[in-house]
Amino acid sequence: MAALRDGEFAALQSLLKAPSKDAVRQLCQECFSSPPAGLGPLAQRACPGLTADAEEAEQLVSALHNLTRHVVYRGLTKAEDILALFPENFHQNLKNLLTKIILENISAWRNEAQASQISLPRLVDMDWRVDIKTSSDSISRMAVPTCLLQLKMQEDVALCGNSPVVSALTVELSKETLDTMLEGLGRIRDQLSAVANK
Amino acid sequence: MGLLNFTREPVPEAVTGDMHNLNQLSAQQFSSLTEVLFRFLTEPKEVERFLAQLSDFATVNKISLGPLKNIVKSILLVPNGALKRNLSSEQVRADFIALGLSEEKATYFAEQWKANSPTLTRLAVGQTLMINQLIDMEWKFGVTAGSSELEKVGSIFLQLKLVIKKGSQMENVYMELTLPQFYSFLHEMERIKTSLESFS
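Line by line, the protein sequences give chains A and B.
Everything in the first sequence is counted per full-length UniProt numbering, starting at 1 for the first residue and increasing by one.
Everything in the second sequence is counted per full-length UniProt numbering, starting at 1 for the first residue and increasing by one.
Because the hints were derived from the structure by calculation, they are not lab data.
It is possible that part of the hints are untrue.
[Stated by the list, open to error] Restricting the straight-line Cα-Cα distance to at most 20 Å, the calculated cross-link-like pairs of lysine to any residue (SDA-like) are:
#1 B/K152 with A/R69
#2 A/K175 with B/R122
#3 A/K175 with B/I131
#4 B/K140 with A/I188
#5 B/K73 with B/E48
#6 B/K193 with A/R69
#7 A/K152 with A/D127
#8 A/K133 with B/R122
#9 B/K140 with A/E183
#10 A/K152 with B/I131
#11 B/K193 with A/D179
#12 B/K152 with A/V24
#13 A/K152 with A/E176
#14 B/K166 with A/M153
#15 A/K100 with A/V24
#16 A/K133 with A/P145
#17 A/K78 with B/K152
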């Protein structure tokens with residue numbers, strides 16, 4: 001599967017008008033990180049000097065987005081593989097610059113992609129406290145330790161955009177429940193070690 | 001009637017009469033009735049069984065069920081109050097005597113009370129209010145093979161389902177943890193266990 005359509009590679013040529021290599025680098029990073037919906041505003045913001053009109057700007061930004069995402073998707077790590085994506089007659093220096101920039105960023109981008117994967121609500125924080133219950137309506141004197149556990153969970157990153165929704169759940173655990181839970185967690189740990197050692 | 005240990009409120013009038021009737025039972029009969037009562041107190045969910053056993057007792061001893069149930073209601077006032085107030089067996093015995101039960105029967109009941117009180121206390125503690133009690137935990141873990149952004153991923157994920165009792169309803173909470181998060185979660189849980197154990 002080709003990384004980009006022919007017209008898209010042509011759009012990349014606008015980068016030749018960039019003021020500096022850093023400007024190209026910056027633009028690549030922004031284009032990768034932006035979701036498809038954000039490309040329009042990004043084009044308006046970032047490309048005034050580079051392109052003749054709004055349409056060209058959008059094409060450039062879209063091409064960069066697709067190129068960087070394609071490399072990350074395929075997990076390409078070698079310069080030859082990335083260079084091979086470009087068509088034969090593509091501007092040599094620009095091709096080398098883009099390849100270099102992509103290689104510099106590839107592992108950060110890969111982590112970013114993994115972090116923004118869809119998932120169930122993710123555990124982001126955990127706090128606890130241990131209380132001693134000394135009295136209640138069913139028995140006036142006692143000394144029962146109990147644990148309050150607060151779990152903070154963040155909803156799917158993709159849904160929240162820049163304002164992550166974090167919900168907190170406070171749960172009470174008796175000693176017996178905690179022991180059972182630890183047993184279960186211990187079993188998970190054992191299975192994980194077994195898988196890791198295979 | 002002097003001050004009672006098991007309650008601050010005035011006792012219903014019928015109680016004195018019921019105690020008097022109890023005194024008429026033989027030691028043997030009182031002993032089997034007490035056994036039925038404590039079996040119910042230690043397993044309060046077994047209501048049907050309790051009523052069946054009372055009914056059998058009534059038949060075997062030729063007592064009418066209606067009056068028997070009233071007697072039982074009166075007797076149960078004492079252990080219920082005693083449990084709430086952490087009374088000693090001497091206090092339970094004193095209360096029964098103050099209500100009109102014979103010394104012999106009061107002593108017997110107080111002894112049974114002492115023998116059963118660890119179980120009864122544990123039950124009462126178990127009924128104590130718990131906020132969002134964790135009832136159950138299910139888990140699975142696996143490997144993410146690929147995603148729309150990454151053709152090959154190969155990372156391990158862990159998913160937990162916690163079943164929480166919110167008021168009278170159960171709520172399921174789902175969450176995902178990465179491997180490092182799982183290890184720190186496990187570490188924190190072990191710290192909690194150490195803390196709870198040091199207070200037990």
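- Failing hints, ascending? 6, 12 and 13
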